[in-house]
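Chemist: Top to bottom, those sequences are chains P and C. Per numbering that gives the first Met the number 0, the first sequence runs over residues 0 to 237. Per numbering that gives the first Met the number 0, the second sequence runs over residues 0 to 517.
Here are the computed lysine-lysine pairs in the PhoX-like style, where the Cα-Cα straight-line distance is at most 20 Å:
hint, chain 1, residue 1, chain 2, residue 2
1, C, Lys339, P, Lys104
2, P, Lys27, C, Lys324
3, P, Lys104, C, Lys324
Stretches of chain C that chain P covers, calculated by requiring three or more beta carbons in the stretch to come under 8 Å of a beta carbon on chain P:
hint, segment
4, 330 to 338
5, 351 to 358
6, 378 to 386
7, 496 to 507
These aren't lab readings, by the way, just hints derived from the structure by calculation. Cβ atoms here follow ideal geometry from the backbone N, Cα and C, with glycine treated the same way.
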Amino acid sequence: MNETAALILLIEDDEQTRRFLKGSLSHKGWRIIEADNGKAGLAMIKNHNPDLVILDLGLPDMDGISVTKRLRQLSEIPVLILSARSQEQNKIMALDAGADDYLTKPFGSGELHARLQALLRRTRRTMPVSEVFVTGLLKVDLAQRKVFIADNEVRITPIEFRLLSILIRQAGLVVTHRQMLKEVWGAEHINDQHYLRIYMGQLRHKLEINPARPRYLMTDVGVGYRLAIDDVVTELAQ
Amino acid sequence: MLTQPNIPERATIPSACGVRGYAWGVAAPFICTLSVWPLRHLLGQPSILMIYLLGVFLVANHFCRSAAILASLLSAPLFAYYFARPIFSFAISDLENMVGLAVMIIVANLTSNLQDKVRQQAELAQQRESWANALYRLSQALAAASDQQAVSRVAVQHIYDQFGASSVLLFADAYGRMVYPDAEPLACSLAEVRLSDAQAVFQSVKVTRQAEKMGVFYYPLESSHAVLAVLAMQALSRPLDSEPHLGSFFDTFLSLIAQTLERLQLAEQAKSATLQAETEAMRNALLSAISHDLRTPLTRISGAAGALIDSSHDCSYEDNLDFGKVIFDEAQRMSDLTGKILNMARLSSGEIILHQDWNALEEIVGSALTRLDKNLLDRPVRTQLPTNLPLVWIDAVLMEQALVNLIENAIKYTPAGSPIDISAEKLTTSVQLVVSDYGSGIPKGMEEKIFEKFYSLETETQEGGVGLGLALCRAIIEAHGGSIQAVNIADRGAAFFMDLPLRDPPLLNLDELGMTTV
Chain P
0 MNETAALILL IEDDEQTRRF LKGSLSHKGW RIIEADNGKA GLAMIKNHNP
50 DLVILDLGLP DMDGISVTKR LRQLSEIPVL ILSARSQEQN KIMALDAGAD
100 DYLTKPFGSG ELHARLQALL RRTRRTMPVS EVFVTGLLKV DLAQRKVFIA
150 DNEVRITPIE FRLLSILIRQ AGLVVTHRQM LKEVWGAEHI NDQHYLRIYM
200 GQLRHKLEIN PARPRYLMTD VGVGYRLAID DVVTELAQ
Chain C
0 MLTQPNIPER ATIPSACGVR GYAWGVAAPF ICTLSVWPLR HLLGQPSILM
50 IYLLGVFLVA NHFCRSAAIL ASLLSAPLFA YYFARPIFSF AISDLENMVG
100 LAVMIIVANL TSNLQDKVRQ QAELAQQRES WANALYRLSQ ALAAASDQQA
150 VSRVAVQHIY DQFGASSVLL FADAYGRMVY PDAEPLACSL AEVRLSDAQA
200 VFQSVKVTRQ AEKMGVFYYP LESSHAVLAV LAMQALSRPL DSEPHLGSFF
250 DTFLSLIAQT LERLQLAEQA KSATLQAETE AMRNALLSAI SHDLRTPLTR
300 ISGAAGALID SSHDCSYEDN LDFGKVIFDE AQRMSDLTGK ILNMARLSSG
350 EIILHQDWNA LEEIVGSALT RLDKNLLDRP VRTQLPTNLP LVWIDAVLME
400 QALVNLIENA IKYTPAGSPI DISAEKLTTS VQLVVSDYGS GIPKGMEEKI
450 FEKFYSLETE TQEGGVGLGL ALCRAIIEAH GGSIQAVNIA DRGAAFFMDL
500 PLRDPPLLNL DELGMTTV
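Just chain P, same shape as in the assembly (with noise of 0.2 Å):
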């Protein structure tokens, strides 16, 4: 497994978070460099390349947005965010920014394995347009644009295909709202939510056996939505 030789940037200023991560990371054989300030992880960047990011938003000398923000200029690499209840608002801001997917704390180390599987996955595994997404029963032929649930053909609009395809193309990761508006219905509707939930609504009772205990197409209430994938899932589960 690939995954194994992967280098994890650790942004963090508390250093016992920093020393609990950093022993359950490199448990998983992941290796760690660590940064205890926004400056000097940007520096590390730079310097050793790592293949993600994990950033605490509660940075003594820079906030997260600015980071995050700073960060992208530099490279693509994927950043997960780490967050206190009480910073719901820079979360959401930092995920706009460019971060790719989230954790509040505290969370488990068995959350933590899952997300930056499927941060790296996504990395390593730029899908093929020709390629078919499968997840449990779900069955997404991107290049045909077919939906499939138990081999049975779905028939869904251009609009929730592309909502669809949005979420694969980030399978296992949230998608903010702000994202998803823009990215179908373009910039002057990031603050449409209410066509979003719209159009997720039916997508759901399209794809799903009971829309009101998704399976696939996750809420993340007051962030955005995630596909939930097959691995992730039983991850999350341990």
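Given chain P, put chain C in place with the hints provided.
Modeler: Just chain C now, kept in the frame of chain P:
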């Protein structure tokens, strides 16, 4: 508006009957003399005396006693001079006339005395009635006064109406210093007072009844044990002791005002006492909840961590894993709890800002159930959300928290494996979300109590919780302008009805509504 005071007119007071009375007292005998003079040959002396007596009687009837006596004393020489033999001389030769005159004077005196008393009593009765009316009006106005300021206004206005004097009610500030009221003064408010004089009266409890300084009187308004306020009043046009009963009428007037002030003060004290007791109870509940619900997980965490440190070499991998799990679970529980306490504090201090947007209840329900996956285990959750349910204008994060709390509550209080139902319905003015369970229900009479902060049905058990879950639910729903209530469904369990205000979501200005397929 400055109204004319209606001071009772007392021009006919017997003791001071005035010039008119004496003028008539002088005039009456002469009128009698003139009117009888032409008839002197026809009438006998006794009849003439009777005419004089009539004159005196009329004077006594209309004016005061002194006027009547004056009239009778004047009548005597006139009669003697003009009618009693020898005529045109003051001498009286006739014994009969002498007796007649004496009787006349005595009768005049007696009748005028009698008249006087009757009149005095009538006037006093009238006066009393007017005072009683004044007191009645005052007490009615005071009863309607709900605060010090209102009492002040009523008192000043009524004192002006009744006594014609400007006045002002002075109260002490927080430091016990007399201050001039900052409310807008009435037209009849007294403006010039010396606060130091008022202060002296205020502090000398029960020593001075009043003090006069530079034409202003200061009266303490006392309750049974303290001076509540000081009334500063202009000197009256006639002193209080100038008439009987006026002083005691004035005292009654003041004591009515003082009683009202005392009533207000007591009501205020009772109110703040209740408030204080409630705050106290709340603080105690918070302390016991925190000490219990934060300490329990802390005890377990430190216990498990201690065991890991002490015996990591002796224990099996499974044991260590177990300790680790305890630490993880308990820490998670504490994190949840602190989140609830913080949210509650922010909601009750009004500090929280709702991030409201159009949301689908289906998503909120789905997300809440996903979050509670571990707690639900194999419980069947039956959801019934109509497809055409309108979007609601809510803060999704808080609403999810409310729903999680409700479902957690249902899990906590119903037997393992019993189902939980979640349904929603569009009503005329609201969207109603219902969470119901199949358990023993809510104890009778507790349907409201369970929403109180720090109230928990099972405070002593580990699962009892801090008693914040439902309080938080209510705070969240009410912050959205909605309502939540708990009811028992007979032979089934508890149901929580949440009503969220129904608003019209904006229309989609896109023609593509999922009609075209790929």
